[in-house]
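Chemist: Given only the sequences and the hints, what does the whole structure look like? Please build it.
Heads up: the sequence shown is residues 1 to 419, going by our numbering.
Hints are computed from structural coordinates only; laboratory data are not their basis. Do not rely on the hints blindly, as some may be mistaken.
The calculated DSS-like cross-link candidates involving lysine-lysine, where the alpha carbons are at most 27 Å apart (straight line), are [said to hold, decoys possible]:
#1 K129 to K419
#2 K335 to K317
#3 K190 to K316
#4 K419 to K190
#5 K190 to K269
#6 K406 to K129
#7 K190 to K174
#8 K419 to K335
#9 K317 to K190
#10 K341 to K269
#11 K269 to K335
#12 K406 to K419
#13 K129 to K174
#14 K129 to K316
#15 K185 to K419
#16 K174 to K185
#17 K341 to K316
#18 K419 to K341
#19 K316 to K335
#20 K341 to K317
#21 K406 to K341
#22 K190 to K335
#23 K316 to K174
#24 K406 to K317
#25 K269 to K406
#26 K185 to K129
Distance ranges between label pairs, derived from CB positions [claimed, not checked]:
#27 G188 to Q334: 21 to 31 Å
#28 P251 to H272: 20 to 30 Å
#29 D274 to R249: 28 to 38 Å
From a predicted model like this one, the values you see are computed outputs, not experimental measurements. For glycine and all other residues, C-beta sits at the position ideal for the given N, C-alpha and C.
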Amino acid sequence: MHQITKLKQVAAVCAVVGLMTLTIPGDPARAETSFTRDGIPTTTAVSMAGSSAQGGTTGSIGNTAAQVTAANSGTGVQAATASGNTQSAGSGTQTVAAATMAASAGAGTKTKSTISSSYYVVGQGKNVKQNVDSSIGLGGATITMLKGTETGQQLAIVIQTSDGHLIVVDGGIKTNAPYLGNFIKSHGGKVDAWLLTHPHVDHAGALAVILEHQMNPSVYQSYADFQIDNLYYSFAPMDFYQAHEDGYRIPFIQEITADLAQYTSTQVKAVHADSPAGTSFNVGNVNIRILNQAMQIDTDSGNNSSVTYMITINGKKLLILGDLPYEASQVLLQKYGSELKADIVQMAHHGQHGASQVFYQTVAPEYALWPTHQALWTAVTDSYDPNQSVYTIALTKYWMDQIGVKKNFVMADGDWILK
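Modeler: Set out below in structure tokens:
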């Protein structure tokens, strides 16, 4: 029933935005639109009525002409690069400069410039691509969205303020704990504020591992040897999750809930549970505003319990959405309206089945962070299989292009460091 409802929603939204009229000659079941990824135009086909759609990419660094494949052993790097890229195969280091590109849209031509570079670091036996974009203007602060050595979806963001403080959002899956922990240690070894959105393993798994290591010396690992000053979270009651959440998620929800309740390490100063909506505090010269407590919505209950944060960094606003779906996004839209306007948005639910189109239009971001892995990023067809609902990422890409987002930073390309 939930899958059928989602399919009807996708069809209804497609009809509203007029996608049904944008057809490709010879294939009336497909609609094609231009999508801009990190300032570089790509082509995405949006599937209609369950038909197959193919998306082609031109000039997209990291995934097609300039895709880099690291050997599993971490000893060699092979690259198929576009013109103008510099590579050092086998050394584990690489620099790729994205040149200014012109995109033809409709009858006119618009030019967008990309100020970015990418390089490789070697860790955990694998090469990790790190991309840097210095065009946003964060006044000396950085926002890093981590991919690490993972191939699946997760959300792990680290903000370093211009006056030296660290803020972590979620942290990703359990196996991301070593990469995240070592990243934190290499940036001073103290987290001033750790913000959780909701208790799903692809968001809070790494934190659970780190907390358990800090509380249990017998399993303690060096990557967990750092200080956490403050933890912020809000979960719905356990009996609510047990009544409405998918059963396979319950064990981890119980695990992270117990970890937070039992966390007595001397390395933490305070755990803040269920801070009221509107709570505002500063971490150095960065302001964090908590927009909501966990909501109790029967549909998609875990994701709908996502806590959202508005983070102001030297005048730029970053809106963190976690896995916020349609239902909860409408609640926030009604409550805050134009206060949701932000320069940068973290795409809800990894870019699909997340917040509504009207919600994103209200946020009106210039930049988008997509915590999206490669398999999902290329899932441009809306089709069923026995294990999953319809993917709607192609439709979300279309929305962001219509809004006029300048750059889309995608986790599939590796770590992203924004300045």
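Chemist: A separate judgement is required for each hint: does it hold in the structure or not?
Modeler: Do the hints match the structure? See the list:
no.: 1; hint: K129 to K419; result: 17 Å, holds
no.: 2; hint: K335 to K317; result: 18 Å, holds
no.: 3; hint: K190 to K316; result: 24 Å, holds
no.: 4; hint: K419 to K190; result: 21 Å, holds
no.: 5; hint: K190 to K269; result: 11 Å, holds
no.: 6; hint: K406 to K129; result: 22 Å, holds
no.: 7; hint: K190 to K174; result: 20 Å, holds
no.: 8; hint: K419 to K335; result: 31 Å, violated
no.: 9; hint: K317 to K190; result: 23 Å, holds
no.: 10; hint: K341 to K269; result: 32 Å, violated
no.: 11; hint: K269 to K335; result: 32 Å, violated
no.: 12; hint: K406 to K419; result: 15 Å, holds
no.: 13; hint: K129 to K174; result: 20 Å, holds
no.: 14; hint: K129 to K316; result: 26 Å, holds
no.: 15; hint: K185 to K419; result: 20 Å, holds
no.: 16; hint: K174 to K185; result: 18 Å, holds
no.: 17; hint: K341 to K316; result: 11 Å, holds
no.: 18; hint: K419 to K341; result: 20 Å, holds
no.: 19; hint: K316 to K335; result: 22 Å, holds
no.: 20; hint: K341 to K317; result: 8 Å, holds
no.: 21; hint: K406 to K341; result: 15 Å, holds
no.: 22; hint: K190 to K335; result: 35 Å, violated
no.: 23; hint: K316 to K174; result: 31 Å, violated
no.: 24; hint: K406 to K317; result: 15 Å, holds
no.: 25; hint: K269 to K406; result: 39 Å, violated
no.: 26; hint: K185 to K129; result: 19 Å, holds
no.: 27; hint: G188 to Q334: 21 to 31 Å; result: 40 Å, violated
no.: 28; hint: P251 to H272: 20 to 30 Å; result: 25 Å, holds
no.: 29; hint: D274 to R249: 28 to 38 Å; result: 20 Å, violated
The earlier numbered hints that this structure contradicts are 8, 10, 11, 22, 23, 25, 27, 29.
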